[in-house]
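Line order of the protein sequences matches chains A and B. When you line the first sequence up against this note's numbering, it's residues -2 to 211, in that order. When you line the second sequence up against this note's numbering, it's residues -2 to 211, in that order.
Keep in mind that a hint or two might mislead.
Note that the list lumps identical chains together, so a pair holds whenever it fits in one copy or between two copies.
Simulated crosslink set (DSS-like; lysine-lysine; CA at most 27 Å straight-line) [stated by the list, open to error]:
| no. | residue 1 | residue 2 |
| --- | --- | --- |
| 1 | K126 | K52 |
| 2 | K113 | K167 |
| 3 | K30 | K123 |
| 4 | K123 | K113 |
| 5 | K203 | K45 |
| 6 | K26 | K167 |
| 7 | K167 | K30 |
| 8 | K(-1) | K123 |
| 9 | K203 | K(-1) |
| 10 | K30 | K141 |
| 11 | K203 | K113 |
| 12 | K203 | K141 |
| 13 | K45 | K167 |
| 14 | K203 | K52 |
| 15 | K(-1) | K56 |
| 16 | K26 | K117 |
| 17 | K30 | K126 |
| 18 | K113 | K58 |
| 19 | K30 | K203 |
| 20 | K117 | K52 |
In case anyone wonders, no lab produced these hints; they're calculated from the structure.
Protein chains: 2
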Amino acid sequence: MKRISIHTLKRLPRYHQYLLEQQHSGVQKVSAKQIALALELNEVQVRKDIQYVTKSPGKPKTGHITSTLVYEIETFLGYHQTNHACLIGVGHLGKALLNYEGFLEKGLEISVAFDKDETKIDQSIKQIKVLPMSQLRPICNRLKIQLAIITVPSEQAQEVTDLLIESGIKAIWNFAPTTLVVPSDVFVYQEDLSISFSVVSHHLQKLVTKGDIK
Amino acid sequence: MKRISIHTLKRLPRYHQYLLEQQHSGVQKVSAKQIALALELNEVQVRKDIQYVTKSPGKPKTGHITSTLVYEIETFLGYHQTNHACLIGVGHLGKALLNYEGFLEKGLEISVAFDKDETKIDQSIKQIKVLPMSQLRPICNRLKIQLAIITVPSEQAQEVTDLLIESGIKAIWNFAPTTLVVPSDVFVYQEDLSISFSVVSHHLQKLVTKGDIK
DNA sequence: TAGATTGTTAATCGATTAACAATC
DNA sequence: TAGATTGTTAATCGATTAACAATC
């Protein structure tokens, strides 16, 4: 099977979200056209994306069974198995993520947090213990944690990453605005809020120079 | 001039970050090759991206002047003019953004926050006042705010958006995991942490099914 | 049956990469 | 000068969209 593109992968959660809404409103069948219309996408694109994840084909004239499609997307994205993660860096952003309710239903459970600031140690946030950095390796090993979320300042991100790799982590969700150096078998997803803002900023910049804004 | 692609736009802040680091280490000249190597990108791609933003061409054999390039990227991305923004929804994520130091040097100043929870009103976070929703329209008008950051729960996001549009907002940075309906002259940047996580999750899912992880 | 929707094959579009000539 | 690096033109690659045949 052809390798899925990152574009398709990022659209699937949007389909999922839309389908859930529909399901809750009692809509039992849904067509690619409907989805495309709601999310402002191309109809054929939606169909192709759906064909990646589903074994049960849609029926001409009726479309897809909402619940089946929801379930298949969830399975494909891995929502049905729980990923235990650790979070490093209990600052404001770290705390926000620890408090975020929506992750559980997507299969993300943050099991433990680490921080080098001693005043934060042994606090609990939403039942999640904050431990000292010295515990990272043994705890990750014992709990067989594969995923780490990095919310430390940029300067410390690489250092933390090295420690994580030693501890057997296989995937990193990095919120620090810096490029991490990792071995090829470790997956890094770079979440960079300042990169996102730059896109917004450039757009506003254009408005100003065009005189679009008074 | 050809319209810049979102891909280029998202790479520029990474160049900027790398160039700043180099500048601070006293590196005065930098080549596209160097940047490409450091950020694991294609050399020609870096060169093309740079050509979008710079008027002063690089010199063969020496490359680009670090400081000039930094400055030109900043100008292009709009870091040199301050964008005043309002933030709606002072939950954990909202607070994290209000506390984030890095935005100022990218030209983002969150001037005011709003929340419908009365217990949060009149608090100040980093000198930023939290006001009731009823103040949104008059304040945005008076301060001529063009940018809004939405950190309310999904269910409230569209309602808030409608109010923002009435208040003259021209760009929205949306952290709620829902597709907003807006007029065509309003720019929406969708920041969706659960979409990001889905990419990570699917990757872990693959590892498991491949038996890559013991 | 007619029409809506499906899945597939082909065409288009845009971004990345390769090849190359120009120049400091 | 030779070689590194530039910018540009052409080739490749991949994603999106259009056209169409199949089917409920």
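Looking back at the numbered hints, which does the structure fail to meet, lowest number first? 1, 3, 6, 7, 8, 10, 11, 13, 16, 17, 18, 19 and 20
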